[in-house]
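In order, the protein sequences belong to chains H, B and R. The first sequence runs contiguously to residue 257 in numbering that gives the first Met the number 0. The second sequence runs contiguously to residue 352 in numbering that gives the first Met the number 0. The third sequence runs contiguously to residue 285 in numbering that gives the first Met the number 0.
It cannot be assumed that every hint is accurate.
Claimed, not checked - What the simulated footprint calls covered on chain H by chain B, stretch by stretch (three residues with Cβ under 8 Å from a Cβ of chain B suffice, anywhere in the stretch; the number is not a length):
#1 172-186
#2 216-228
What the hints assert, rightly or not - Calculated cross-link-like contacts (lysine to any residue; reagent style SDA-like; alpha-carbon spacing at most 20 Å):
#3 K173/H x Q37/B
#4 K84/R x N273/B
#5 K84/R x R22/R
#6 K308/B x K84/R
#7 K206/R x Y180/R
#8 K305/B x I264/R
#9 K236/H x W103/H
#10 K157/R x A207/R
#11 K4/H x L255/B
#12 K58/B x W103/H
#13 K133/B x G182/H
#14 K30/B x E117/H
#15 K27/H x D78/B
#16 K10/R x D78/B
#17 K79/H x T85/R
#18 K180/H x I234/H
#19 K10/R x K305/B
#20 K115/R x K10/R
#21 K173/H x V132/H
In short, the hints are calculated from the structure, not lab data. Just so you know, even glycine gets a beta-carbon here, dropped at the ideal spot from N, CA and C.
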Amino acid sequence: MKGKKLKIGIYELTGCAGDALMILNCEKELPAIFQAVDIQSFLMAKSDNIDDELDVALVEGSVTTEKEVEELKDIRKRSKIVVALGLCATVGGIQARFQDPQKWQENFRQVYGETKMELPAVVSKPIDAYIKVDFYLPGCPISKEQFLNFFTRVVKGAPPESYPQPVCVSCKYKENDCLLKNGLFCLGPLTADGCGAVCPSHNLPCVGCWGPVQGGNWTSEFYLLQDKGFSREFIKKKMANFAGTKLSEFWKQFDRRD
Amino acid sequence: MKIVKLKKSNLHPFLQAASQDAELWAPVRQKNNKHSFQPIKDFATIDLNYTRTILPPRKLFLPPQFNMFQASLQGYKEDFSHVSPKVIFGVHPCDLHGLLIFDEFHRQNFEDPYYLKAKENTLIFGHSCWPDDKCFCQSTNTHLVEEGYDLFFSELDDYYLVWIGSSRGDDCLRLAPELFDESLSEEDIKGYIAWQEKRNQAFKLKINFFAMPDLMELRYHHSLWEKLGQACLSCGSCSLVCPTCNCYNVQDQPLLSQDASNIQRCWDSCMLENYSAVAGGENFREKRSQRLKLWYTHKLQAYISKYGKPACVGCGRCIATCPVDINVFTVSRALEGEEVEAFWNRLAKEVNP
Amino acid sequence: MKVEKKTTLTKNPFLPDPARIVRVYPLTQDVKFFQVRLVDINKALAFQYHPGQFAMISILGAGEAPFSISSTPSRPGLLEFCIRKTGTITGAIFNLKENDLIGVRGPYGNGFPIEKMLGKDILIVMGGLGAAPLRSVLLYCLDNRDQFGRVILLHGAKCPAEMIFCQEFQDLKKREDLECYLTVDTDDTGQWEDNIGVVTTLFPKLKAINPEQTVSLVCGPPVMYKFVIQELLKLQIPKDQILMTLERRMKCGVGKCGHCAIDYIYTCLDGPVFTYWDVIHMRELI
């Protein structure tokens, strides 16, 4: 690489840290990654972290405490490019499925009782609820291949243009029979591609763990699943699992129709 | 055309001889009882009792994803690693017609070397078939073939009539001439004619293709398209499984530790939201209905106007694939003004009663 | 079996030729002018094109996209492009400097039907970046001035700073064999000496047009077409003598990738230049 190395920071908010782990799991490529960029901060991988000006910040996890809101805003201030890494950062993750503040309070009390929290909690949200996000790299966890391709493009100064496609495209590349057509509860058409249709390739329907694909037709699939005999409650629950806050508008419209 | 006879018991020995220096591909039963063209190691896995494979055989010429070349500041290095000698056995007439259209497309204007090299390295052995409730190749006039294969196997009782379609096909027979019988009896001929007649009666699905260009034009602004757009999941399956679709995307995939990139080509679909989007945000087909119109214009109208035959070969894959019943059959019926039993129609009634 | 791996001798139409950026400078805040030359000098001289054709430009690590050629074939050897920064690829092009390498392949598309334009009056209407393809034909007409009748240029931009080739066109105003009218929607400088208003406000200034004798060439933002065409129809210019050049997504330029399809037409092969008559009877064109 010519010129100065890009300064990179990898941060983890609330989540399972699976995305950061997936980066470390690129064992073969790690030397090249560390050679190509200057990793300033990566809590999972190194100790002498510096939180200074950055070219690119990769942020994993959703925002669930007030402290994280401050951390996130600080990261944004220090970074030229912010990338939402993984499903939690992109849509809020499974922990963002209940958006109704009252219901959230109830759930919170149920789990923690009256315990006084050291870090005041807030309703779980994706990072773009608080800051501007330049790029999204969804996945639960992210895929190695997708990450390396994206990362390399960023390092070379030309992040890829987004060309949203559903899991079905990879699913057909793999020549799988359509599970939805066969009456299974498959969320492939509503889910962003990137996993390479790994579940349908093993005859398991897509659960949506890459989050909603841009342009997904939720209304049609909702009625289709109902047409196939699934109950409205069941469909809602399953659809909400990995859609985080990105479906709030859809649910509002939907509930109005109900 | 020369026609010879092959006993069924001689099929595997012949395939063995024909694929000595090439990879043999043939239909294999996969999960859910669906079929797929797969490389054959064990002849016993070949399943000729199939109607359609999930993907058409064009995947063997231009696979879903492959690298076209490696680019660097020093220059460009072509990559033809997707090409290897192949024998494809068991291709049905509709798919042979699909390959013919595919072939013509990649030769016209600018020749596509990635297709041409793969084609030159492939022998195509066709095979007769029996229609199911989704086949309508009789309507597209693609139920019979006269070209587009090296050999064609018509299956009758305990033997095949083998049509020799090319000089290379003829060379193949000469690899094991003792397996073939050059003389056909009157009985063989009668048997074939009877089979042919019976097959002609077996088609259940019929579409009046030659009415479609006019109907597409007349109903271009019909509410039907909004109904279809309301239901379409934009999953791209219809086009990805279509034997005559060819759209692709190109991606520059840089290598981390070199100043070089792999230029990758992958199947695309005109059903995807950004298919017609240009830099700067303009999207010429933002609505699903607009994208559906493009596909159906292509399948039902444009090609007929230009070549006198539809760009549909009646394979029934869109019927077998689309989760919301948008396919050449339901759409053509709806264009004729009929009330169609399909999910997209039920959805329209549900959503706007 | 004789299915050996064979080699075909056809040229690979997807392989670009390396080209060097000879000159680059900004035209407006987000449009830059690039002058490039194919590294292989024989190829550079053999690169023959018509005004209105386009080339595919590739940037290592970013990708490839189509761009109109802004130079004229009457000045061979160098290719010129005006590129607006809109996405990843154009963003990457913007970072390039003189002497950097890019990939170029082409020329592609039909281009303007020069033979049919010979001896005719040429009325060029451009708005914004529409000047990119039309500058080629304008310079071509001026370089072969005796082969055309009147040459009229109407050029509009949002404001003086947004006018690409502003100086070049200002200089052209001095030519007596060109009727050149410039306009800006709004003048935020107070220094603009030409017309103020959208491009259609220039039409009343034109000297009488002989419609049968006139070929009009239009390119600009989508919103401009509707109003400009109304004016041209008012002047009674025949619909098949109104030519427009269109933009579409393209991944190949050679009629294979499908993205630029309209009916059975491929913009990259049958376009990007269409007549207004094509536009009327082919839906989806604009």
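Q. Hints broken by the structure, by number, lowest first?
A. 6, 10, 12, 14, 15, 19, 20, 21
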